[in-house]
Each structure stands twice: as C-alpha cells, then as structure tokens.
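**Q** Sequence:
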Amino acid sequence: MMAMALIFAAVAAQAPAPNQRVSQAEIERFVWQVKSCWNILPDDINSGLSVTLLIDLNRDGSVTGNEIGEAVESAAGLRIARAAVRAVEQCAPYTFSAETYHEWKHLELELRP
Numbered sequence: 005m006m007a008m009a010l011i012f013a014a015v016a017a018q019a020p021a022p023n024q025r026v027s028q029a030e031i032e033r034f035v036w037q038v039k040s041c042w043n044i045l046p047d048d049i050n051s052g053l054s055v056t057l058l059i060d061l062n063r064d065g066s067v068t069g070n071e072i073g074e075a076v077e078s079a080a081g082l083r084i085a086r087a088a089v090r091a092v093e094q095c096a097p098y099t100f101s102a103e104t105y106h107e108w109k110h111l112e113l114e115l116r117p
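First residue of the sequence shown: 5, per my numbering; consecutive thereafter.
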C-alpha cells in the first residue's frame with residue numbers, strides 16, 4: 005500500500021485569516037485523488053524510496069506547476085518520481101475551499117510506494 009504525506013508550504017503572498025485552514029477531509033481527498041492515478045511497477049512498491057513534488061494550483065484546482073523536488077537518483081527513483089508527476093497531472097482538477105486558497109496554492113507532496 006502506498007503511503008503519502010502532504011506538507012503545506014508557507015505562502016507569503018497573502019496572510020491567512022484566523023482559523024482559515026484546509027480541512028482534514030480536503031487533505032485526504034487530495035491525497036486519495038493523487039494516489040488513485042499513481043501507477044508504479046510492482047517491483048517499486050517495496051523499494052523504500054520516496055519522491056517529493058512541488059505543486060502549484062490555480063483557484064479552479066488545475067495544475068500550473070508540478071515538478072520533482074527530491075527523488076532518489078536511481079532508475080527506480082526516477083521511475084517513481086516520473087509516475088508521481090504524471091499522477092498529479094492526470095488527476096486534476098482538485099477541489100479545495102476557495103477561502104483557504106492561500107494554504108493550498110503551493111503544495112509540497114511526499115509520496116512513498
């Protein structure tokens with residue numbers, strides 16, 4: 005089973021209003037959506053490798069930027085990273101609350117098979 009961690013990057017462009025945070029349900033929905041499109045080879049599932057993606061989203065949930073932030077420099081690491089990038093692109097658009105756009109417009113997503 006694939007494990008994922010979502011880390012929200014700080015955004016200086018807009019100061020968050022008090023109590024405006026992305027809900028746990030939104031985070032889980034985002035992770036589930038990406039995970040449903042992430043296709044990796046059976047040999048890579050237990051590799052112990054991970055990839056960190058840097059993702060930028062528009063207000064409508066479409067992807068404007070999606071790049072590998074960190075990955076193991078090996079054939080398997082690159083395969084996993086490229087598959088993760090494709091998954092983010094293929095599963096868009098994503099749904100978050102408009103009021104918390106400042107929290108989710110720049111995301112850092114760590115994926116582990």
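Hints may contain errors.
Listed next, with one range per pair, are the computed distances between beta-carbon atoms [as the list claims (entries may be wrong)]: (1) Gly69 / Ser101: 19 to 27 Å; (2) Gln24 / Pro46: 39 to 47 Å; (3) Leu58 / Ala29: 22 to 30 Å; (4) Gly52 / Glu103: 32 to 40 Å; (5) Glu103 / Ala79: 23 to 31 Å; (6) Ile49 / Glu112: 17 to 25 Å; (7) Glu103 / Glu32: 17 to 25 Å; (8) Ser78 / Ser101: 35 to 43 Å; (9) Ala79 / Thr99: 18 to 26 Å.
The set of hints was computed from the structure by calculation and includes no laboratory data.
Here a beta-carbon is modelled for each residue, glycine too, at the ideal position from N, C-alpha and C.
**Q** Hints first: check each against the structure and report whether it holds.
**A** Hints versus structure:
1. Gly69 / Ser101: 19 to 27 Å: Holds: the Cβ-Cβ distance is about 21 Å, inside 19 to 27 Å.
2. Gln24 / Pro46: 39 to 47 Å: The hinted range 39 to 47 Å holds for Gln24 and Pro46, with Cβ atoms some 42 Å apart.
3. Leu58 / Ala29: 22 to 30 Å: At roughly 24 Å between Cβ atoms, Ala29 and Leu58 fall inside 22 to 30 Å, so the hint holds.
4. Gly52 / Glu103: 32 to 40 Å: holds (38 Å)
5. Glu103 / Ala79: 23 to 31 Å: Given range 23 to 31 Å: violated, Cβ gap about 43 Å.
6. Ile49 / Glu112: 17 to 25 Å: holds (23 Å)
7. Glu103 / Glu32: 17 to 25 Å: With Cβ atoms ~18 Å apart, the hint holds.
8. Ser78 / Ser101: 35 to 43 Å: Distance hint for Ser78, Ser101 holds at roughly 38 Å.
9. Ala79 / Thr99: 18 to 26 Å: Distance hint for Ala79, Thr99 is violated at roughly 35 Å.
Hints 5 and 9 from the earlier list are contradicted by this structure; the remaining hints agree with it.
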